[in-house]
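Top to bottom, those sequences are chains V and H. Numbered by the working numbering, the letters in the first sequence go through residues 10 to 308 in order. Numbered by the working numbering, the letters in the second sequence go through residues 10 to 308 in order.
To be clear, the hints were calculated from the coordinates, so they are not data collected in a lab. There may be inaccurate statements among the hints.
No copy labels: a pair is met if it fits in one copy or bridges any two.
Unchecked claim - For lysine-lysine, the following DSS-like pairs were computed, each having C-alpha atoms within a straight-line distance of at most 27 Å:
1) Lys113 - Lys96
2) Lys217 - Lys268
3) Lys56 - Lys32
4) Lys259 - Lys278
5) Lys163 - Lys148
6) Lys217 - Lys178
7) Lys277 - Lys217
8) Lys53 - Lys285
9) Lys262 - Lys278
10) Lys255 - Lys278
11) Lys269 - Lys113
12) Lys217 - Lys291
13) Lys180 - Lys291
14) Lys255 - Lys285
15) Lys46 - Lys116
16) Lys255 - Lys269
17) Lys46 - Lys287
18) Lys274 - Lys259
19) Lys158 - Lys44
20) Lys274 - Lys262
21) Lys278 - Lys217
22) Lys268 - Lys255
23) Lys278 - Lys32
2 protein chains.
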Amino acid sequence: MFDQVSIIGCGLIGSSIFKGLKKAGSIKKIITYDKDKAVTEIIKKDKLSDEIFNNAGEAVKNSDLVIIATPISSFESVLNSIKNNLKAGSILTDTCSVKTGVGKILKKINLKNSICIPGHPVAGIENSGPKAGIPDLFKNRWTILTPNKNIDEKAIKKVSKFWESMGSKVKIMSDEDHDKILSFSSHLPHAIAYNIVQTSMSNEQETKEDIIRYSAGGLRDFTRIAASDPTMWRDIFIDNSTLIIKAIDKFIKNLDEFKKAILEKDSKKLLEIFEKSKDFRKSVIKAGQDTDKPDFGRK
Amino acid sequence: MFDQVSIIGCGLIGSSIFKGLKKAGSIKKIITYDKDKAVTEIIKKDKLSDEIFNNAGEAVKNSDLVIIATPISSFESVLNSIKNNLKAGSILTDTCSVKTGVGKILKKINLKNSICIPGHPVAGIENSGPKAGIPDLFKNRWTILTPNKNIDEKAIKKVSKFWESMGSKVKIMSDEDHDKILSFSSHLPHAIAYNIVQTSMSNEQETKEDIIRYSAGGLRDFTRIAASDPTMWRDIFIDNSTLIIKAIDKFIKNLDEFKKAILEKDSKKLLEIFEKSKDFRKSVIKAGQDTDKPDFGRK
Numbered sequence: 010m011f012d013q014v015s016i017i018g019c020g021l022i023g024s025s026i027f028k029g030l031k032k033a034g035s036i037k038k039i040i041t042y043d044k045d046k047a048v049t050e051i052i053k054k055d056k057l058s059d060e061i062f063n064n065a066g067e068a069v070k071n072s073d074l075v076i077i078a079t080p081i082s083s084f085e086s087v088l089n090s091i092k093n094n095l096k097a098g099s100i101l102t103d104t105c106s107v108k109t110g111v112g113k114i115l116k117k118i119n120l121k122n123s124i125c126i127p128g129h130p131v132a133g134i135e136n137s138g139p140k141a142g143i144p145d146l147f148k149n150r151w152t153i154l155t156p157n158k159n160i161d162e163k164a165i166k167k168v169s170k171f172w173e174s175m176g177s178k179v180k181i182m183s184d185e186d187h188d189k190i191l192s193f194s195s196h197l198p199h200a201i202a203y204n205i206v207q208t209s210m211s212n213e214q215e216t217k218e219d220i221i222r223y224s225a226g227g228l229r230d231f232t233r234i235a236a237s238d239p240t241m242w243r244d245i246f247i248d249n250s251t252l253i254i255k256a257i258d259k260f261i262k263n264l265d266e267f268k269k270a271i272l273e274k275d276s277k278k279l280l281e282i283f284e285k286s287k288d289f290r291k292s293v294i295k296a297g298q299d300t301d302k303p304d305f306g307r308k
Numbered sequence: 010m011f012d013q014v015s016i017i018g019c020g021l022i023g024s025s026i027f028k029g030l031k032k033a034g035s036i037k038k039i040i041t042y043d044k045d046k047a048v049t050e051i052i053k054k055d056k057l058s059d060e061i062f063n064n065a066g067e068a069v070k071n072s073d074l075v076i077i078a079t080p081i082s083s084f085e086s087v088l089n090s091i092k093n094n095l096k097a098g099s100i101l102t103d104t105c106s107v108k109t110g111v112g113k114i115l116k117k118i119n120l121k122n123s124i125c126i127p128g129h130p131v132a133g134i135e136n137s138g139p140k141a142g143i144p145d146l147f148k149n150r151w152t153i154l155t156p157n158k159n160i161d162e163k164a165i166k167k168v169s170k171f172w173e174s175m176g177s178k179v180k181i182m183s184d185e186d187h188d189k190i191l192s193f194s195s196h197l198p199h200a201i202a203y204n205i206v207q208t209s210m211s212n213e214q215e216t217k218e219d220i221i222r223y224s225a226g227g228l229r230d231f232t233r234i235a236a237s238d239p240t241m242w243r244d245i246f247i248d249n250s251t252l253i254i255k256a257i258d259k260f261i262k263n264l265d266e267f268k269k270a271i272l273e274k275d276s277k278k279l280l281e282i283f284e285k286s287k288d289f290r291k292s293v294i295k296a297g298q299d300t301d302k303p304d305f306g307r308k
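Okay, chain V solo, but in the shape it has when bound:
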């Protein structure tokens, strides 16, 4: 597949790719690099790289595949720091959660020696940082690739196989489609989770403590989603702001109708909404995104 791979950015995603590739045994040499010294210390201590480099440019020099696994806000500066060192004929990919922004930066910088195939593994847990990495993070999860139309099919196949070697399923689509779908399946739910938590927190201290104590009734699951990496999510909300605001507005319209149904004690309308939600849930289970095994607290 690839002889040498460089992973730039060693947080949850970067370290999980390292561990996933090592488990698969599919790559001869894997280099991880992070600009953060504390992270570099963990890379050394936990042996999360086959070779240690002092800067990103050096770390990518002989690699056939380079993966930028940093937050979106660092993508452009990382690209600038490595662009003159990329090996001729190498492939460049990334793991950012918003793809039109990445596409624009790639168009602006226009790498001459490398083939660009942006990507997004739709997988994550609430923990972040290099110590949170797990080899099976991508197993049975989707990775979406958003290459331009004129990109060589063979290169796309190689990157697909790369993700598949870690157990991921791969889907190719346009960056616009990606950002629209994710604005509903991921960005809106996270925006909502943060605001549910904010709303609970805005109560006086005693009530707040009681809300935490009895959070098993639903709130608990939202707090998990709202505990994801702050920097990553700040970047997503800023980078995909137009589509996310559209989704939020759609959501508020629905919520207003729902409020009206409660106010009017419209039993029929409420039951209709709940039954439809149950059906949607069945589709999610059918799509293999969750199990129908009941969840009653993961203790």
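Starting from the known structure of chain V, arrange chain H on it as the hints suggest.
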């Protein structure tokens, strides 16, 4: 504790109480009754009662504790159907998720022979019906009791021990406090989950299918919450409407501020919200309501 207990309503909660008590071995005779013939068939087939009765009045006659485990909308009619058959000195409790409404009905009907100690086990899973019952549903979960101030302490202790025998923790509070706390910890999150699902469903078919396919990015967990029992939730939203609408309004105010922060690309404000959410999550884990073990899809 109690020699004979009658459970009226044999859905998820009623059947879980039956199984929990049997596992604990704390009650000599347990009767379950349900007005639904299909449910009664399951009670017979799955042996979910020590004795079968044809009506609720007969089913409570000799019981020391009677638990109404029906949806809130059936509470009053059930109470009317049993009130003349309750044993002198017996205790009556329930499992309804809204407590001021239950309090009002009890005040109106004013049972003469029985002591009323309303209750709410804050435990649940997304499945419903008698087949969904599990003996450990209440284990490590809270049960909130909301007796009037003048109620005999000994009777309250007996009901507390009853729930504790199934592994539940017990808390006494006023019905007003209960409904306020639950409007944030449970009712608002459910309202939001339904509306997230509604918002995703309002897209055109192709986008909808893609949203389902990539729902692991956050949406998945909301669909689980939104798959809970429709009748129960219709009743909760109607019965606790005033407090739930207050909570929704508070939530919308927060969401509007959040939208503004996204529009203005206010990085500082966004990071502040996310960091605070992480802290809140830590409190939930500290309160024993969840684990910090990462969740990456329950397959």
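Checklist entry - Going through the earlier hints one by one, which of them does the structure break, listed in rising order? => result 8, 15, 19 and 23
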